[in-house]
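Let chain Z serve as the given structure and place chains F and U on it in line with the hints.
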Amino acid sequence: MAIIRKKTGHFLEDFRVGQVFRHKGGKTVNEGLFNSFTEFNMTTNPLSKNREYARLCGFDDIVVPPGLVMLVVFSQTVEDISENARANLEYIDMRFGAPVYPGDTLEAETTILGVKPSSKDNDRGVLHVSTVGRKQDGSVVIAYERKVQVWKDDVEAPVESATLEDKPTVDCAPVLPPYESRRDYAAKAHLANSDTYFEDFTVGDVYEHSRGRMVTDEHIALTAQLDNTSQVHCNQHMIDQNPAKYIGGRLIIFGGIPFNLCLGISCPDIADNSLGDVVYTTGRHVGPLFAGDTVFATTEITATEDYADRDDLGLLSVTLRGHKFRKPKDGEEGPQKVDIFVLERTLAVKRRSHWA
Amino acid sequence: MAIIRKKTGHFLEDFRVGQVFRHKGGKTVNEGLFNSFTEFNMTTNPLSKNREYARLCGFDDIVVPPGLVMLVVFSQTVEDISENARANLEYIDMRFGAPVYPGDTLEAETTILGVKPSSKDNDRGVLHVSTVGRKQDGSVVIAYERKVQVWKDDVEAPVESATLEDKPTVDCAPVLPPYESRRDYAAKAHLANSDTYFEDFTVGDVYEHSRGRMVTDEHIALTAQLDNTSQVHCNQHMIDQNPAKYIGGRLIIFGGIPFNLCLGISCPDIADNSLGDVVYTTGRHVGPLFAGDTVFATTEITATEDYADRDDLGLLSVTLRGHKFRKPKDGEEGPQKVDIFVLERTLAVKRRSHWA
Amino acid sequence: MAIIRKKTGHFLEDFRVGQVFRHKGGKTVNEGLFNSFTEFNMTTNPLSKNREYARLCGFDDIVVPPGLVMLVVFSQTVEDISENARANLEYIDMRFGAPVYPGDTLEAETTILGVKPSSKDNDRGVLHVSTVGRKQDGSVVIAYERKVQVWKDDVEAPVESATLEDKPTVDCAPVLPPYESRRDYAAKAHLANSDTYFEDFTVGDVYEHSRGRMVTDEHIALTAQLDNTSQVHCNQHMIDQNPAKYIGGRLIIFGGIPFNLCLGISCPDIADNSLGDVVYTTGRHVGPLFAGDTVFATTEITATEDYADRDDLGLLSVTLRGHKFRKPKDGEEGPQKVDIFVLERTLAVKRRSHWA
Numbered sequence: 188m189a190i191i192r193k194k195t196g197h198f199l200e201d202f203r204v205g206q207v208f209r210h211k212g213g214k215t216v217n218e219g220l221f222n223s224f225t226e227f228n229m230t231t232n233p234l235s236k237n238r239e240y241a242r243l244c245g246f247d248d249i250v251v252p253p254g255l256v257m258l259v260v261f262s263q264t265v266e267d268i269s270e271n272a273r274a275n276l277e278y279i280d281m282r283f284g285a286p287v288y289p290g291d292t293l294e295a296e297t298t299i300l301g302v303k304p305s306s307k308d309n310d311r312g313v314l315h316v317s318t319v320g321r322k323q324d325g326s327v328v329i330a331y332e333r334k335v336q337v338w339k340d341d342v343e344a345p346v347e348s349a350t351l352e353d354k355p356t357v358d359c360a361p362v363l364p365p366y367e368s369r370r371d372y373a374a375k376a377h378l379a380n381s382d383t384y385f386e387d388f389t390v391g392d393v394y395e396h397s398r399g400r401m402v403t404d405e406h407i408a409l410t411a412q413l414d415n416t417s418q419v420h421c422n423q424h425m426i427d428q429n430p431a432k433y434i435g436g437r438l439i440i441f442g443g444i445p446f447n448l449c450l451g452i453s454c455p456d457i458a459d460n461s462l463g464d465v466v467y468t469t470g471r472h473v474g475p476l477f478a479g480d481t482v483f484a485t486t487e488i489t490a491t492e493d494y495a496d497r498d499d500l501g502l503l504s505v506t507l508r509g510h511k512f513r514k515p516k517d518g519e520e521g522p523q524k525v526d527i528f529v530l531e532r533t534l535a536v537k538r539r540s541h542w543a
Numbered sequence: 188m189a190i191i192r193k194k195t196g197h198f199l200e201d202f203r204v205g206q207v208f209r210h211k212g213g214k215t216v217n218e219g220l221f222n223s224f225t226e227f228n229m230t231t232n233p234l235s236k237n238r239e240y241a242r243l244c245g246f247d248d249i250v251v252p253p254g255l256v257m258l259v260v261f262s263q264t265v266e267d268i269s270e271n272a273r274a275n276l277e278y279i280d281m282r283f284g285a286p287v288y289p290g291d292t293l294e295a296e297t298t299i300l301g302v303k304p305s306s307k308d309n310d311r312g313v314l315h316v317s318t319v320g321r322k323q324d325g326s327v328v329i330a331y332e333r334k335v336q337v338w339k340d341d342v343e344a345p346v347e348s349a350t351l352e353d354k355p356t357v358d359c360a361p362v363l364p365p366y367e368s369r370r371d372y373a374a375k376a377h378l379a380n381s382d383t384y385f386e387d388f389t390v391g392d393v394y395e396h397s398r399g400r401m402v403t404d405e406h407i408a409l410t411a412q413l414d415n416t417s418q419v420h421c422n423q424h425m426i427d428q429n430p431a432k433y434i435g436g437r438l439i440i441f442g443g444i445p446f447n448l449c450l451g452i453s454c455p456d457i458a459d460n461s462l463g464d465v466v467y468t469t470g471r472h473v474g475p476l477f478a479g480d481t482v483f484a485t486t487e488i489t490a491t492e493d494y495a496d497r498d499d500l501g502l503l504s505v506t507l508r509g510h511k512f513r514k515p516k517d518g519e520e521g522p523q524k525v526d527i528f529v530l531e532r533t534l535a536v537k538r539r540s541h542w543a
Numbered sequence: 188m189a190i191i192r193k194k195t196g197h198f199l200e201d202f203r204v205g206q207v208f209r210h211k212g213g214k215t216v217n218e219g220l221f222n223s224f225t226e227f228n229m230t231t232n233p234l235s236k237n238r239e240y241a242r243l244c245g246f247d248d249i250v251v252p253p254g255l256v257m258l259v260v261f262s263q264t265v266e267d268i269s270e271n272a273r274a275n276l277e278y279i280d281m282r283f284g285a286p287v288y289p290g291d292t293l294e295a296e297t298t299i300l301g302v303k304p305s306s307k308d309n310d311r312g313v314l315h316v317s318t319v320g321r322k323q324d325g326s327v328v329i330a331y332e333r334k335v336q337v338w339k340d341d342v343e344a345p346v347e348s349a350t351l352e353d354k355p356t357v358d359c360a361p362v363l364p365p366y367e368s369r370r371d372y373a374a375k376a377h378l379a380n381s382d383t384y385f386e387d388f389t390v391g392d393v394y395e396h397s398r399g400r401m402v403t404d405e406h407i408a409l410t411a412q413l414d415n416t417s418q419v420h421c422n423q424h425m426i427d428q429n430p431a432k433y434i435g436g437r438l439i440i441f442g443g444i445p446f447n448l449c450l451g452i453s454c455p456d457i458a459d460n461s462l463g464d465v466v467y468t469t470g471r472h473v474g475p476l477f478a479g480d481t482v483f484a485t486t487e488i489t490a491t492e493d494y495a496d497r498d499d500l501g502l503l504s505v506t507l508r509g510h511k512f513r514k515p516k517d518g519e520e521g522p523q524k525v526d527i528f529v530l531e532r533t534l535a536v537k538r539r540s541h542w543a
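Going down the list, the sequences are from chains Z, F and U.
When you number the first sequence by this note's numbering, it's gap-free, plus one each residue, and the end is 543.
When you number the second sequence by this note's numbering, it's gap-free, plus one each residue, and the end is 543.
When you number the third sequence by this note's numbering, it's gap-free, plus one each residue, and the end is 543.
Watch out, some of these pointers could steer you wrong.
Intra- or inter-copy, both count: the list cannot distinguish identical chains.
Straight-line Cα separation of at most 30 angstroms, DSSO-like style, residue types lysine-lysine; simulated pairs [stated by the list, open to error]:
id, residue 1, residue 2
1, K375, K524
2, K193, K514
3, K524, K354
4, K339, K516
5, K432, K514
6, K432, K516
7, K303, K432
8, K375, K193
9, K524, K193
10, K524, K194
11, K514, K524
12, K432, K524
13, K339, K307
14, K354, K516
15, K375, K194
16, K334, K375
17, K303, K524
18, K354, K339
19, K514, K194
20, K354, K375
21, K303, K339
22, K354, K432
By construction, these hints were calculated from the structure, which means they are not laboratory data.
Nothing here was measured: the structure is a model prediction, and the numbers come from that model.
Next up, chain Z with everything else stripped away, as it sits in the complex (with noise of 0.2 angstroms):
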């Protein structure tokens, strides 16, 4: 007879580069997953709304937004990359593939890019990662890379320091739905905000987008339909038995979570005539969200090009920031404005030329 107590995720020394990790689980997106989130992160986008646009458009059937594919396949590697990390440092070049419908089911795998010890604490280090999320089919539907700082189990225990040398490609760019002039697509225009279409955008202009959302507690159902196993968003005891161990004593909400949010509250200005998510060069949390905060965003444009091949649609890149607020200190007046998240990304958005 014996007590068992697995324990669950790995530790800075328990990974080498060019490690491949297939992922447990996999999730087939249903149409309950879908509504919590779609609904969730106030996307406004007709295309996640609405299967007859979706479908006029090119595309099958409703489409899961590129932050639900994100998070789906993302979550999927938080029991092997990240149940022990301290923090997710940074998203990287996460690109988007073949659409993703309501029905369809997402695995994931993962290769570990570089191994770095910290030069200054012995407990810890910097994992670099690279995964591939991938439908039914064997599509790609998403592709990232990934740096996480992650504690490491036995401090005394070796780590490999080391960088892969020949990073895997991964082929991942956008399936979307040719334009096809005969379609009415005029006929459904009004569903979506008139003033999205690539022309209407200007490098410089900065958009604050004038809607805030609340998040409560509900943060701890959503994060377990996706299942992020991590402890730090539900273990309410956990944490009551050593506050000081973590970011404001409290539940921290997943960054996942704001990442979403951010993206929809950006929707009705940003991406309303958006045909699918490009690239997400860069993203970083910046401050941490907590049951009872708001959050805001604002989107900054930063280009615009060209769609190659592709005369009805633009490229627009743009930062996305989230904010919050808190309390004032001493000798501050009124709330103060807290970054939490920032995102380099570029979205194919359709032309008024065609498509309106």
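Chains F and U in isolation, oriented as in the chain Z frame:
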């Protein structure tokens, strides 16, 4: 470079009688939304619980209950019509048409019937509108009028004071499955409350529905799931900056939530054997609801009539009233009942003679 | 004109042995309900996560986990059997049958096996019942007995004290997909924890499952989604009027919630390679759960046996225990462990020899 902060919604001076708004988004009623609301509102009519029962009764699938059809259509109108409203005054002549099933997509359109600036306060006025909701095959699922008090953006702006001369007529009557004597309806009659056939109701009787249901801050997510964009339901930071401006100084619960909950709470006594709601002649929110309040309801039977050309059905007219309790003030004994909602409602109810 | 306030549910004096209740409602398990519960309970078995995996294992679709089958059927019985219960005493011989998939409709029927008034308290007694749940094709999906302590409505009313002589036999055994050696099960074996095959379990071992999960007031919505009509889970006003009457003076969490959560928390260690639950020989709620409590679980391996005619499976019997912690009282050091749930459980578990 510019800072852009879009105003969302319209103000009183923006409206003209005869103007038609084809609202944004549209919405595919998926199983996630269906589950959230059908269950939240405690509906007990098996038409919305049990696909086999719904099919035996002649429907194509499990039925989206009238309260959810109303919420999905109504919410689509919020941004254009009432995002800048002070108060929702009245629902008028809300009629139901074709049945709605999970998977159907609903879109909405509103015509401005009247604009009337307040004679007392120069910052507001009353808007009178007519809304129609259709599903993907073009059939009308709901049509109603509504009066709402809307803010002006610029108190000096001129406001049209007018009433539309030729109100558009909207064809909208319940599409109910025919009664077919060869079907064995009795085989599943036990699934609904047996004392809720048309023969069971007596004019003047008042049902005090025995169940109550507390609404928590779940209302934020429920409202988001409906795409209702009003900030007073979800932007806690906005409220905190100026609590005196907002009723109760708190996030107020979207009226559609208690509207639905009252329908659900009354269902086991009133609507378990209803084949569909026919019309809500008038409805008003008469008190605010906040997270933590427990909702109760009563129903008074006001009329019973034959249903034209349907021996198997009767028309049941009722007054549905919702209430909550508030803490006693000095000198009051015990919690005080506060009315929150009243609805004049007519249902098509099965006759025991045919269906049991 | 009359004021009508219907009593819901039955009281001890209303029951007779041999009586059969065909319960109201029935329920189509849609993807919204499936998502809410599969995710809430933290199940990790890919049969309930990943449609492709479930199909490879021989099922027709993604599998509704046993805990949710139990909840859907059990909840249908609440109004007739236990809406006026004081305490749920015991689940007995709960056996699982045909697999349930999203879209299936479950209906339930209960036979009264015994009625026994309390010899000590004349206001209550014990009811012993047998419940069967079937899906739309008539196949049995679950069958179980249950003992529940029920209030009398009128303490003076005579109560039958009897036991049914000929207990009805219910045919209910797991319908599991056959093992087919030509299938490449190994191709997706990495989706489940690799140390949870039948060969991995040793009688006497105790697993302390590492994850915990706080339950918030989300329990109200979860319970409503199951159509559990008991007011002690959702009517805060009722509790506030007479807190002393209710355990803890608060809304108590429906026992089915921790039941499911304990199954889920134990899943990665115990049931990741289970093909189905066979029987819960006995189960009891031994402590109340309230919003804010964090649930933990342990599993003790009690027996391992061959599975008749199935070389590829083994029968794993375990004791699943759930616990929480309460604040220390004077003189106690640190939070005190409180047991909340115990279940004797037998699962059909894949053998590595065949499936990996």
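Indices of hints not satisfied (ascending): 1, 3, 4, 14, 17 and 22
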